[in-house]
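Asks: This is what each chain is made of:
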Amino acid sequence: MTDRAPIRWLHHWPPDGPAAIRIGRAGDQIIAEWIGVATLRAEVHGSASELVVESGSVSPRVKEKLREQAAALVRHLRGGITLHASSVAFEGVAIAFLGDSYAGKSTLAAQLCADPRFALLSDDAAAIRHGDAGVEILPTERDHWLRPDVARAMGLDPGDEPKIPKEPLRSARGGARLRAVIALAFDDAAPVPTLRPVRGAEAFSLLSLSTFRFAFDVPDVLRQELDGLAQIVEQARFYELRRPRDLARMDASPRAVALLLEDLSREGRAP
Amino acid sequence: MTTTDLDDRFRPTAQAHARRFDREVVVLDLGGGKYYSLDEVGAVIWEKLTSGLSLGEVVEQIAAAYDVDEETALRDARRITGELVAAGLLERQT
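Chains as they are written, first to last, in the working numbering: chain H, 1 to 271; chain G, 1 to 94.
Honestly, the hints are just simulated from the structure, not real lab data.
Only a predicted model underlies this, so the values are computations on that prediction, with no experimental measurement involved.
One or more hints might be untrue.
[Said to hold, decoys possible] On the chain H side, residues computed to face chain G include the following (Cβ under 8 angstroms):
{"no.": "1", "residue": "F186"}
{"no.": "2", "residue": "G200"}
{"no.": "3", "residue": "A201"}
{"no.": "4", "residue": "S205"}
{"no.": "5", "residue": "S208"}
{"no.": "6", "residue": "R213"}
{"no.": "7", "residue": "P219"}
{"no.": "8", "residue": "L222"}
{"no.": "9", "residue": "R223"}
{"no.": "10", "residue": "L226"}
{"no.": "11", "residue": "A230"}
For each residue, glycine too, the CB sits at the ideal point set by N, CA and C.
Given these sequences and hints, build the entire structure.
Replies: Okay, here's the thing in structure tokens:
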């Protein structure tokens, strides 16, 4: 990993305004730079990678997040898919929650995991495995990370931290078959949480916008990405959950999701 | 693409990888990672053109299937074909 060819930047995020993360190519290496924070360099197919964190400035929590994100990016180079999603397992069935930052992904997973029937698979990065039995989510994270207002609503002391860890009652020990994907959206006009089925290209669009991507010009990696995402669309049910933002009414969303999961679990057991 | 003839035939380029999702088709540019989503009519145009039909044959079939006049079908087919060629996903057969 000593080659230092000039970097050609290919992609940056967010798409508007100053970049926080950018991805580029330098010879046979692909580079991700969290600007001013850390740099990841990896061989094109992920055979070797190196994450360098700028000295001094980041907390252990940020370092952990950087390692998780770097692992998701390297998985992409190896043909794997990681979704920017929280996810939980229920009786062997997995459900993933997609959404923009602050859409409530961690909150909903934490609410469900307050029930011992649910186990946490991921808080932020859901690793997908395509196996003989279908599409699974593998466990990747041990804690929920909650915003201070959500932590307070759940009876935790948020202190001064921007995100507060909360241990679930149970963490998943193995993969669970992905049966449902829910895109989260706030809608203050919605009197109750509403689940709308989503199909086809709309479901694909939700997934592709939530995928950790590192290779933008490596054809076999991109081909595997489209085929892998298509397999998820074929095998899982997709919904959009619209619900009011009001934290005082936050218990209604997990009830709606739990009912859906119970239905899916029953379907899975049916002969 | 500046002009298209009704006899023109097209094929997907090496950097195009497509999948159908119900009535729509998503085409991925393997050279830059960008996804292009084609609606129902765009999906039919893509699939018929990449199966080897000429532009004129596609227009006839679209007009019949969607009960639109051939002028409208031709305008749509030319626009979509032009966009796909410009994106490097479709190329004219020689």
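Asks: It remains to establish, for every hint, whether it holds in the given structure.
Replies: For each hint, the structure was consulted:
Look at H:F186: its Cβ only gets to about 25 angstroms from chain G, farther than 8 angstroms, so that hint breaks. For H:G200, the interface hint holds, since its Cβ comes within 8 angstroms of a Cβ in chain G; the closest pair sits about 3 angstroms apart. Taken as an interface hint, H:A201 checks out: its beta carbon lies about 4 angstroms from the nearest beta carbon of chain G, inside 8 angstroms. For the restraint placing H:S205 at the interface with chain G, the shortest Cβ-Cβ distance is roughly 7 angstroms, inside the 8 angstroms limit, so the hint holds.
Below 8 angstroms, beta-carbon pairs count as interface contacts, and H:S208 has one with chain G at about 6 angstroms; its hint therefore holds. Look at H:R213: its Cβ gets to within about 7 angstroms of chain G, closer than 8 angstroms, so that hint holds up. Checking H:P219 against chain G by beta carbon gives a least distance of about 4 angstroms; that is within 8 angstroms, so the hint holds. Of the supplied interface hints, the one on H:L222 holds, with its beta-carbon coming within about 5 angstroms of a beta-carbon of chain G, less than 8 angstroms.
Using the Cβ-Cβ criterion of 8 angstroms, the hint placing H:R223 at the interface with chain G is satisfied: the shortest such distance is roughly 5 angstroms. A least Cβ separation of about 5 angstroms between H:L226 and chain G falls short of the 8 angstroms threshold, and the interface hint therefore holds. For H:A230, the interface hint holds, since its Cβ comes within 8 angstroms of a Cβ in chain G; the closest pair sits about 5 angstroms apart.
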